[in-house]
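A.B. asks: Residues per chain are reported as follows:
Number of protein chains: 2
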Amino acid sequence: MKVIKFGGSSLASSQQLQKVLAIVEADQKRKYVIVSAPGKRFDGDTKVTDLLIQYARQTIHHQDTQAVTAAIIDRYAEIGHGFNVPEAQLTPIFETIRNLPKQSYADNTYLMAAFKAHGERLNAQLVAAVFQQSGLNARYLDPKDAGMVVTDVPDDAQIIKSSYDQLAKWANSEQILVIPGFFAYNRNGQICTFSRGGSDITGAIIARGVHAERYENFTDVDAIYAVNPSLVAKPAAISEMTFTEMRELSYAGFSVFHDEALIPAIEDNITVNVKNTNHPEAPGTLIQSTREPNPHYPVTGIASSSSFCSLYLRKYLLNKEVGLGRKILTILENHHISYEHMPSGIDDLTIIFDEHQLTPELEKTLVAEISTAINPDEIYFTHDYSILMLVGENMRNRVGIMSRAATALANDNIKLIMVNQGASEISIMFGVHDNDADQAVIALYKEFFD
Amino acid sequence: MKVIKFGGSSLASSQQLQKVLAIVEADQKRKYVIVSAPGKRFDGDTKVTDLLIQYARQTIHHQDTQAVTAAIIDRYAEIGHGFNVPEAQLTPIFETIRNLPKQSYADNTYLMAAFKAHGERLNAQLVAAVFQQSGLNARYLDPKDAGMVVTDVPDDAQIIKSSYDQLAKWANSEQILVIPGFFAYNRNGQICTFSRGGSDITGAIIARGVHAERYENFTDVDAIYAVNPSLVAKPAAISEMTFTEMRELSYAGFSVFHDEALIPAIEDNITVNVKNTNHPEAPGTLIQSTREPNPHYPVTGIASSSSFCSLYLRKYLLNKEVGLGRKILTILENHHISYEHMPSGIDDLTIIFDEHQLTPELEKTLVAEISTAINPDEIYFTHDYSILMLVGENMRNRVGIMSRAATALANDNIKLIMVNQGASEISIMFGVHDNDADQAVIALYKEFFD
Chain A
1 MKVIKFGGSS
11 LASSQQLQKV
21 LAIVEADQKR
31 KYVIVSAPGK
41 RFDGDTKVTD
51 LLIQYARQTI
61 HHQDTQAVTA
71 AIIDRYAEIG
81 HGFNVPEAQL
91 TPIFETIRNL
101 PKQSYADNTY
111 LMAAFKAHGE
121 RLNAQLVAAV
131 FQQSGLNARY
141 LDPKDAGMVV
151 TDVPDDAQII
161 KSSYDQLAKW
171 ANSEQILVIP
181 GFFAYNRNGQ
191 ICTFSRGGSD
201 ITGAIIARGV
211 HAERYENFTD
221 VDAIYAVNPS
231 LVAKPAAISE
241 MTFTEMRELS
251 YAGFSVFHDE
261 ALIPAIEDNI
271 TVNVKNTNHP
281 EAPGTLIQST
291 REPNPHYPVT
301 GIASSSSFCS
311 LYLRKYLLNK
321 EVGLGRKILT
331 ILENHHISYE
341 HMPSGIDDLT
351 IIFDEHQLTP
361 ELEKTLVAEI
371 STAINPDEIY
381 FTHDYSILML
391 VGENMRNRVG
401 IMSRAATALA
411 NDNIKLIMVN
421 QGASEISIMF
431 GVHDNDADQA
441 VIALYKEFFD
Chain E
1 MKVIKFGGSS
11 LASSQQLQKV
21 LAIVEADQKR
31 KYVIVSAPGK
41 RFDGDTKVTD
51 LLIQYARQTI
61 HHQDTQAVTA
71 AIIDRYAEIG
81 HGFNVPEAQL
91 TPIFETIRNL
101 PKQSYADNTY
111 LMAAFKAHGE
121 RLNAQLVAAV
131 FQQSGLNARY
141 LDPKDAGMVV
151 TDVPDDAQII
161 KSSYDQLAKW
171 ANSEQILVIP
181 GFFAYNRNGQ
191 ICTFSRGGSD
201 ITGAIIARGV
211 HAERYENFTD
221 VDAIYAVNPS
231 LVAKPAAISE
241 MTFTEMRELS
251 YAGFSVFHDE
261 ALIPAIEDNI
271 TVNVKNTNHP
281 EAPGTLIQST
291 REPNPHYPVT
301 GIASSSSFCS
311 LYLRKYLLNK
321 EVGLGRKILT
331 ILENHHISYE
341 HMPSGIDDLT
351 IIFDEHQLTP
361 ELEKTLVAEI
371 STAINPDEIY
381 FTHDYSILML
391 VGENMRNRVG
401 IMSRAATALA
411 NDNIKLIMVN
421 QGASEISIMF
431 GVHDNDADQA
441 VIALYKEFFD
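Chains A and E are the protein sequences, given in the same order.
For the first sequence, full-length UniProt numbering assigns the number 1 to the initial residue and increments by one for each residue that follows.
For the second sequence, full-length UniProt numbering assigns the number 1 to the initial residue and increments by one for each residue that follows.
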């Protein structure tokens with residue numbers, strides 16, 4: 001059995017859904033179909049999820065919702081009519097959209113979660129109807145009926161592990177089960193959504209739950225590329241990569257596949273295959289626990305992200321002070337902030353953060369609290385900070401990677417603010433100024449792939 | 001005024017002391033003379049301090065101390081007789097040596113501290129007598145009379161800051177004051193010694209206390225070299241370096257000048273001049289707060305040390321876990337262990353320690369406690385770990401240093417286990433296997449100095 005997940009662009013129109021239908025029909029093992037909400041049909045189009053957010057906001061502010069309701073209904077109608085789905089099956093979907101404001105919600109965060117989740121929920125119902133209409137033995141399966149229970153965080157829920165026992169009961173399904181991605185229900189039966197990349201997470205959870213042999217993740221690119229295609233024309237496609245490589249790359253900005261969505265797949269050692277709905281014959285990218293070594297390409301991928309900032313701290317005799325690091329980390333923990341890296345010199349310490357965790361207010365508070373706790377000679381935040389990551393299983397035990405990388409960057413006159421190699425054997429991390437980041441990625445790509 | 005400190009080899013014999021005398025006479029500003037205990041006169045000789053340790057041990061174990069007492073007395077006698085110091089001045093010194101066991105000590109650690117300290121104490125008395133005999137206006141000044149009060153740790157005392165107010169009273173001395181290095185007294189009047197390099201520390205404390213214009217530190221090398229002379233023949237001498245450079249280098253194995261001894265000098269911004277007793281006309285090495293940039297030599301020095309070990313730790317999703325680092329550091333702090341560096345990957349963390357802090361027993365305890373606290377997937381200590389440090393103020397804002405260094409190492413087929421650049425702008429740290437360390441230093445020296 002395979003779990004197969006389609007992203008929003010694969011489900012944006014009846015034309016796209018034709019391709020999805022063909023893909024599902026092409027392999028009998030594709031029994032679990034996870035669907036996103038309809039995405040953009042063309043540049044400048046609005047995703048159904050964004051329409052639903054608008055709808056939720058207008059509802060909260062008691063504004064007129066007629067236009068947005070119509071726009072949402074139109075999207076589902078176009079798809080349904082494209083497959084001649086009987087009106088009797090479409091009407092309940094439209095009614096549900098219209099009635100969303102009439103349901104009761106604990107508060108506005110639950111309202112927002114429920115409105116957003118209906119993009120996936122109704123699309124899964126529609127896709128199930130389309131499949132039936134096209135002669136497939138398919139049915140809609142709601143996350144509630146599937147047994148998916150999540151933590152009570154409306155916009156960032158986590159699966160509760162006991163759900164897997166419930167999901168296991170759906171293993172070896174004869175029918176094609178069409179399941180909405182992105183959301184499930186808390187113990188009180190309220191809708192809570194996953195975070196970014198939420199439908200990918202659902203697919204991985206279902207795959208783990210039913211012990212799928214493969215989790216196919218259909219999107220709109222032929223493969224995961226070794227580098228951001230907006231920086232390098234026609235970059236090398238990654239045919240095979242390990243879970244760890246994917247995690248290290250997505251950490252530093254690879255957005256194709258959110259690393260949280262890998263966790264359930266890793267836990268059950270399920271191979272993930274990223275494929276293209278528009279080009280399903282392409283082999284795509286396999287993500288699995290191990291892969292064949294390729295001595296010609298020590299580097300698998302190069303990522304960069306500017307979403308980091310750093311706190312620089314200088315204190316004379318810093319390295320002699322027992323407890324100094326712990327004091328700083330306790331302050332961070334009190335504010336529920338995790339740090340990424342903490343390179344230290346003799347008298348200096350840099351702490352690198354995911355910028356999204358911080359606000360100017362919070363930065364001020366941290367500087368004040370750390371100053372009180374350890375009385376540094378100098379302390380300040382820097383935001384002009386990009387992290388580049390060179391990742392590859394084949395870098396293990398190889399001599400000379402740092403030499404090649406640092407030389408490529410030096411030849412392009414790129415200043416290294418930070419270099420961190422040491423824990424993981426399969427990655428090297430470089431910190432550069434934001435302005436240098438793109439050029440640095442290109443330089444590294446040329447060195448290791450051209 | 002200058003504070004001038006002589007190491008043990010400069011005071012090992014009457015012949016050596018002649019040089020010391022000439023150096024003190026050569027500059028009227030040299031009013032504060034800090035002396036070590038007589039050191040080795042030749043390869044295979046025994047330092048007086050080591051004889052005193054033997055003496056202390058024999059006393060503690062109620063063994064016969066006649067031979068060792070005679071050997072110690074001989075050393076002072078040779079120097080005294082070499083300068084025709086009257087027996088009336090020598091006899092009290094010899095008597096003090098013989099009577100050491102008769103004094104009362106709080107316990108054996110205080111006994112050991114007092115025995116060891118007398119190497120310096122009696123030598124300072126002797127040197128003062130020699131200076132007087134040679135016509136200098138000189139006197140012995142005991143740390144107690146100078147006003148130096150230290151914390152109550154018999155073998156690792158720290159100066160108590162209020163001592164500086166007492167020492168200030170000795171500023172602008174007309175007389176040459178001969179002061180023993182290495183020890184002072186706690187508030188109860190008991191002798192406590194400094195740690196390694198203790199006489200250097202005394203010199204720096206006196207220099208700060210009397211606001212000396214310079215602290216001259218006489219030893220047996222012409223200068224501090226850019227690299228360990230046992231690895232590279234005739235290495236480049238460092239004519240000028242900053243306090244920070246010295247600290248970074250001594251951290252990673254430069255033993256010429258212990259970095260703790262720099263602290264008082266830095267606090268009062270006193271230039272330190274390392275010079276050679278056997279070659280006083282050589283300019284030596286100046287250590288000061290700033291220095292002239294030299295664009296031809298971005299690197300000032302290269303150090304290496306094998307006295308590090310590392311704890312490797314792997315846990316899936318490690319970087320997502322708030323509080324994990326703090327938990328580990330709290331455990332270290334509970335055992336009074338400071339860490340050096342903590343490079344981290346996505347799922348991995350390496351903590352680098354000064355090996356001297358650890359025992360096999362303690363390592364087991366740490367592994368057990370950390371395992372309980374954070375349940376890692378993998379955790380182990382590695383001792384095959386040397387740290388190399390490339391240090392230079394001129395590395396600041398320079399592009400290409402990492403490229404040159406990493407390429408030099410790669411060309412010699414040296415595997416980098418760790419690279420840490422990020423906090424300090426004036427150093428790069430490399431972790432290599434112990435076996436590769438010497439070759440790595442040589443490769444880096446060739447790259448940056450040849």
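Among the clues, some could well be false.
One copy or any two copies: either way a pair holds, since identical chains are not told apart in the list.
[As the list claims (entries may be wrong)] When the alpha-carbon atoms are kept at most 30 angstroms apart in a straight line, the in silico DSS-like pairs for lysine-lysine are as follows:
#1 K234 x K161
#2 K19 x K446
#3 K415 x K446
#4 K327 x K161
#5 K234 x K327
#6 K415 x K29
#7 K47 x K102
#8 K144 x K161
#9 K364 x K327
#10 K47 x K19
#11 K161 x K315
Read the hints as simulated data drawn from the structure, not as lab findings.
A.B. asks: Which hint numbers does the structure go against, in order from smallest to largest?
C.D. replies: Violated hints (numbers, rising): 1, 2, 5 and 6; every other hint is consistent with the structure.
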